[in-house]
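**Student:** Build out the structure end to end from the sequences listed, making use of the hints.
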Amino acid sequence: MKTHRDHVIRTFEALAYLAKRFDPDGIGLFFTNHREEGHGRDRDKLVQLLKKVDFSGQCSMDIMLTSILEQSSESRLSTRIRRAVGIKKWRVSSYVLTNGIWNNPYDSGAGDIPQLIKRTVERMDGRAKLGTQFIQFGSDPIGIE
0 MKTHRDHVIR TFEALAYLAK RFDPDGIGLF FTNHREEGHG RDRDKLVQLL
50 KKVDFSGQCS MDIMLTSILE QSSESRLSTR IRRAVGIKKW RVSSYVLTNG
100 IWNNPYDSGA GDIPQLIKRT VERMDGRAKL GTQFIQFGSD PIGIE
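Going by numbering that gives the first Met the number 0, the first residue of the sequence shown is number 0, and it counts up by one from there.
Simulated from the structure, these hints should not be mistaken for laboratory data. Hints may contain errors.
FRET-style restraints, in silico, Cβ to Cβ [claimed, not checked]: (1) Gln57 <-> Ser138: 14 to 22 Å; (2) Lys51 <-> Tyr94: 14 to 22 Å; (3) Glu36 <-> Phe133: 31 to 39 Å.
Here are the simulated lysine to any residue pairs, SDA-like style, with alpha carbons at most 20 Å apart [unchecked claim]: (4) Lys1 <-> Gly39; (5) Lys1 <-> Tyr94; (6) Lys19 <-> Ile8; (7) Lys50 <-> Ala18; (8) Lys1 <-> Arg34; (9) Lys1 <-> Glu35; (10) Lys50 <-> Arg34; (11) Lys1 <-> His38; (12) Lys19 <-> Arg9; (13) Lys51 <-> Thr97; (14) Lys51 <-> Asp5; (15) Lys50 <-> Phe136; (16) Lys50 <-> Lys117; (17) Lys117 <-> Phe136; (18) Lys51 <-> Gly37; (19) Lys44 <-> Cys58; (20) Lys44 <-> Glu12; (21) Lys50 <-> Gly39; (22) Lys51 <-> Lys117; (23) Lys50 <-> Gly27; (24) Lys50 <-> Asn32; (25) Lys1 <-> Asp139; (26) Lys117 <-> Ser93; (27) Lys44 <-> Ala13; (28) Lys44 <-> Ile62; (29) Lys50 <-> Glu36; (30) Lys1 <-> Ser59; (31) Lys117 <-> Gly130; (32) Lys19 <-> Leu129; (33) Lys50 <-> His38.
Since we're looking at a predicted model, the values are computed, not measured. Cβ atoms here follow ideal geometry from the backbone N, Cα and C, with glycine treated the same way.
**Tutor:** So, in structure tokens, the structure goes:
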């Protein structure tokens, strides 16, 4: 991902611009190889956090996606509070910016991802909607696979 750093940042800036207009909850920013997380509506602060990330090394995409999707499948507000403030549905859109190379170079780790998403959708009640989009950078044959 290191070679795609500038493209990743520009892509995030564009996505953050759109999210700021359409998502009152703001953006949650998570990384597979960086402990710090970001959340909010201030695009500039989130971009600064993204610029601090070291884009090198390998990652375990399934572990990070499991964590993010589990958080997303649970309402941040209790059912009682959601009813009181009139929240009938909530939507979660996840954008995974990746080169497609996960775990080791010969194991994409993608085999478990569809099952993970399916399990997450099954746990969400009918009032929740989940969208997951993978945005690939580069054309590495292993990443494309």
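**Student:** Does each hint hold? Answer for all of them.
**Tutor:** Status of the hints after comparison with the structure:
Look at Gln57 against Ser138: about 18 Å separates their beta carbons, and that is inside 14 to 22 Å. Between Lys51 and Tyr94 the CB atoms are about 19 Å apart, so this pair conforms to the stated range of 14 to 22 Å. Distance hint for Glu36 and Phe133: a CB-CB separation of about 20 Å, inconsistent with the stated range 31 to 39 Å. A C-alpha spacing of about 25 Å is found between Lys1 and Gly39, which places the hinted pair above 20 Å, so the restraint is violated.
Only pairs whose Cα atoms come within 20 Å are accepted, and Lys1 paired with Tyr94 is accepted, the gap being roughly 18 Å. A C-alpha spacing of about 16 Å is found between Lys19 and Ile8, which places the hinted pair at or below 20 Å, so the restraint holds. At roughly 19 Å between alpha-carbon atoms, Lys50 and Ala18 fall within 20 Å of each other, so this suggested pair holds. This hinted pair checks out: Lys1 and Arg34 have alpha carbons roughly 17 Å apart, not beyond 20 Å.
As the CA atoms of Lys1 and Glu35 are separated by approximately 18 Å, the hinted pair is consistent with the 20 Å bound. Proposed proximity of Lys50 and Arg34 is supported: the alpha carbons are some 14 Å apart, at most 20 Å. Distance restraint check for Lys1 and His38: the Cα-Cα separation of roughly 23 Å exceeds the 20 Å cut-off, and the hinted pair is therefore not satisfied. As the CA atoms of Lys19 and Arg9 are separated by approximately 15 Å, the hinted pair is consistent with the 20 Å bound.
Restraint check for Lys51 and Thr97: the C-alpha separation of about 17 Å stays at or below 20 Å, so the hint holds. For the hint linking Lys51 to Asp5, the alpha-carbon distance of about 12 Å falls within 20 Å, and the restraint holds. For the proposed pair Lys50 and Phe136, the alpha carbon gap of about 17 Å is at most 20 Å, so the pair holds. At most 20 Å may separate the alpha-carbon atoms for a hinted pair to count; Lys50 and Lys117 exceed this at roughly 32 Å.
Of the supplied pair hints, the one linking Lys117 and Phe136 is violated, its CA atoms being roughly 25 Å apart against a limit of 20 Å. Annotation: proposed proximity of Lys51 to Gly37 holds, straight-line Cα distance about 12 Å (limit 20 Å). Between Lys44 and Cys58 the alpha-carbon distance is near 24 Å, which puts this suggested pair outside the 20 Å criterion. At roughly 11 Å between alpha-carbon atoms, Lys44 and Glu12 fall within 20 Å of each other, so this suggested pair holds.
Proposed proximity of Lys50 and Gly39 is supported: the alpha carbons are some 16 Å apart, at most 20 Å. With a C-alpha separation of about 33 Å, the suggested pairing of Lys51 with Lys117 is violated against the 20 Å cut-off. At most 20 Å may separate the alpha-carbon atoms for a hinted pair to count; Lys50 and Gly27 meet this at roughly 15 Å. Between Lys50 and Asn32, the direct Cα distance comes to roughly 13 Å. Compliance with the 20 Å bound is thereby established for this hinted pair.
For the proposed pair Lys1 and Asp139, the alpha carbon gap of about 13 Å is at most 20 Å, so the pair holds. Distance restraint check for Lys117 and Ser93: the Cα-Cα separation of roughly 14 Å lies within the 20 Å cut-off, and the hinted pair is therefore satisfied. A C-alpha spacing of about 14 Å is found between Lys44 and Ala13, which places the hinted pair at or below 20 Å, so the restraint holds. Distance check on the hinted pair: Lys44 and Ile62 sit about 26 Å apart at the alpha-carbon level, beyond 20 Å; violated.
Only pairs whose Cα atoms come within 20 Å are accepted, and Lys50 paired with Glu36 is accepted, the gap being roughly 12 Å. A C-alpha spacing of about 16 Å is found between Lys1 and Ser59, which places the hinted pair at or below 20 Å, so the restraint holds. Restraint check for Lys117 and Gly130: satisfied, since their Cα atoms lie roughly 11 Å apart, inside the 20 Å limit. Only pairs whose Cα atoms come within 20 Å are accepted, and Lys19 paired with Leu129 is accepted, the gap being roughly 18 Å.
Under the criterion of a C-alpha separation no larger than 20 Å, the hint pairing Lys50 with His38 is consistent with the structure, at around 15 Å.
Violated hints, in rising order: 3, 4, 11, 16, 17, 19, 22 and 28; the structure is consistent with all others.
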